[in-house]
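Read off the chains here:
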Amino acid sequence: MTDVKNEQSIFKVAINLIGACLISGCIIGLVYYITAPIAAEKSEMMKQESMRGLVKDAETFKAVPNKENWFAAEQNGKTIAYVVPGHSKGYGGAITMLVAVTADGKVLDYSILTSNETPGLGDRAGQEPFKSQINGKNAAALTVVKDPSNKENVQAMTGATISSRAVTLAVKNAAEEVVQFTGGK
Amino acid sequence: MKELWKIFYKGLFDENPIFILALSLCPALAVTTNVVNALTMGLTVLFVISTNNVVVSLTRKLVNPKVRVPVYITSIATIVTVVQLVLQAYFPVLYKALGIYLALVVVFAIILARAEVFASKNKMIPSFFDGFGMGAGFTIAMLVIAVIRELFGNGTIMGYVIFGAGYNPALIMILPPGAFILIGYMIGGIRLYNQRKDAKRLKGSES
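Keeping their order, the protein sequence lines are chains H and R. The numbering of the first sequence is our numbering, which starts it at 4 and goes up by one. The numbering of the second sequence is our numbering, which starts it at 59 and goes up by one.
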């Protein structure tokens with residue numbers, strides 16, 4: 004008798020769990036079906052917009068052949084800058100960013116796409132005033148220093164030296180890659 | 059009606075999830091560095107906890123007590139995933155800012171605790187108000203902490219500069235230890251206030 008009861012109970016338990024998971028799966032599937040295209044559209048839009056924010060004079064962005072995720076910013080049919088992905092390892096893990104570099108290797112602007120830097124410390128690497136220290140420099144000047152009188156290079160942010168270094172390095176690498184690609188012209 | 063108000067109200071102060079129950083301290087440290095993130099997190103929890111309480115209350119007779127916790131977690135996880143998908147589609151910036159903490163809402167102690175303590179034993183409407191009150195209390199606590207931390211740690215509120223450029227931000231307020239210290243003092247202050255109130259009441263009833 005107790006066996007039957009036990010079996011029933013296990014059966015009930017299993018039904019319960021199956022039911023819960025089934026319902027949950029259906030709901031998530033339905034919501035995903037609705038939101039997935041919107042999310043993809045939004046992320047594409049954000050990418051375009053963030054590139055436009057980096058190179059303000061650009062009219063169109065064209066993918067560069069043979070280079071993954073490279074975009075050439077064009078104005079009047081002439082390439083004025085390249086938007087390339089940058090990678091680095093920061094204080095809280097991987098940092099991915101977009102860097103806009105002119106053909107002769109000057110950094111126009113950059114933006115951080117994903118990072119896990121400390122809020123309020125390391126994540127200021129994507130904001131002013133740190134940003135304006137990097138913009139306009141070429142790869143050779145992009146090293147982090149801790150000497151306030153040095154205006155040539157990049158000042159580390161107080162309390163976030165690792166993040167400063169990581170972001171600067173990623174920008175530097177991106178700039179060097181572009182120079183290599185264009186031959187510095 | 060009065061009963062429902064009472065159920066709602068206790069979550070705000072008398073049983074505030076963070077200051078009194080001291081549950082879900084992890085998000086209270088992690089996402090209160092600025093007001094916008096704290097508000098989004100608070101509202102997310104508010105939504106999840108109310109919805110989950112309703113679901114748990116509606117299914118309380120169907121769910122076998124032996125597996126109630128897995129079923130509750132499945133329910134919470136479903137709701138959180140839905141919130142995640144919606145945020146990702148319509149508010150990608152906020153979604154990015156909250157990052158991993160959004161997924162961690164699933165295991166917030168306060169949500170499971172309310173399902174277990176209240177919703178599994180009560181009808182749907184009181185359960186909803188219980189969740190709503192607890193969520194509101196959580197949101198208020200998050201906001202209070204975030205306002206103080208952002209103001210002193212960064213000199214801004216919701217991104218607007220309050221203290222001028224001459225203000226030298228107190229970095230510790232932005233870092234997790236600052237949040238620990240702040241929450242500690244706040245819990246202490248609230249305990250002290252409640253003690254005084256109780257003592258007064260006791261005195262009043264004696265005389």
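Heads up, some of the hints might be wrong.
Claimed, not checked - Pairs of lysine to aspartate or glutamate, EDC-like flavour, derived with a Cα cap of 20 Å:
1. Lys154/R x Glu52/H
2. Lys154/R x Glu180/H
3. Lys134/H x Glu77/H
4. Lys255/R x Glu73/R
5. Lys179/R x Asp256/R
6. Lys92/H x Glu77/H
7. Lys261/R x Glu73/R
8. Lys92/H x Glu52/H
9. Lys154/R x Glu62/H
The hints are simulated quantities; they were obtained by calculation from the structure and are not laboratory data. These figures come from a predicted structure and were not determined experimentally.
Consistency of the hints with the structure:
A C-alpha spacing of about 16 Å is found between lysine 154/R and glutamate 52/H, which places the hinted pair at or below 20 Å, so the restraint holds. The straight-line distance between the Cα atoms of lysine 154/R and glutamate 180/H is roughly 28 Å, outside the 20 Å bound, and the hint therefore fails. Between lysine 134/H and glutamate 77/H the CA atoms are separated by roughly 23 Å; this puts the pair beyond 20 Å, and the hint is violated. With a C-alpha separation of about 16 Å, the suggested pairing of lysine 255/R with glutamate 73/R holds against the 20 Å cut-off.
The hinted pair formed by lysine 179/R and aspartate 256/R fails the criterion: a straight-line CA distance of about 30 Å is larger than 20 Å. The suggested pairing of lysine 92/H with glutamate 77/H is violated, with an alpha-carbon distance near 31 Å, which exceeds 20 Å. For the hint linking lysine 261/R to glutamate 73/R, the alpha-carbon distance of about 24 Å lies beyond 20 Å, and the restraint is violated. With a C-alpha separation of about 25 Å, the suggested pair lysine 92/H and glutamate 52/H falls outside the 20 Å cut-off, and the hint is violated.
Annotation: proposed proximity of lysine 154/R to glutamate 62/H is violated, straight-line Cα distance about 28 Å (limit 20 Å).
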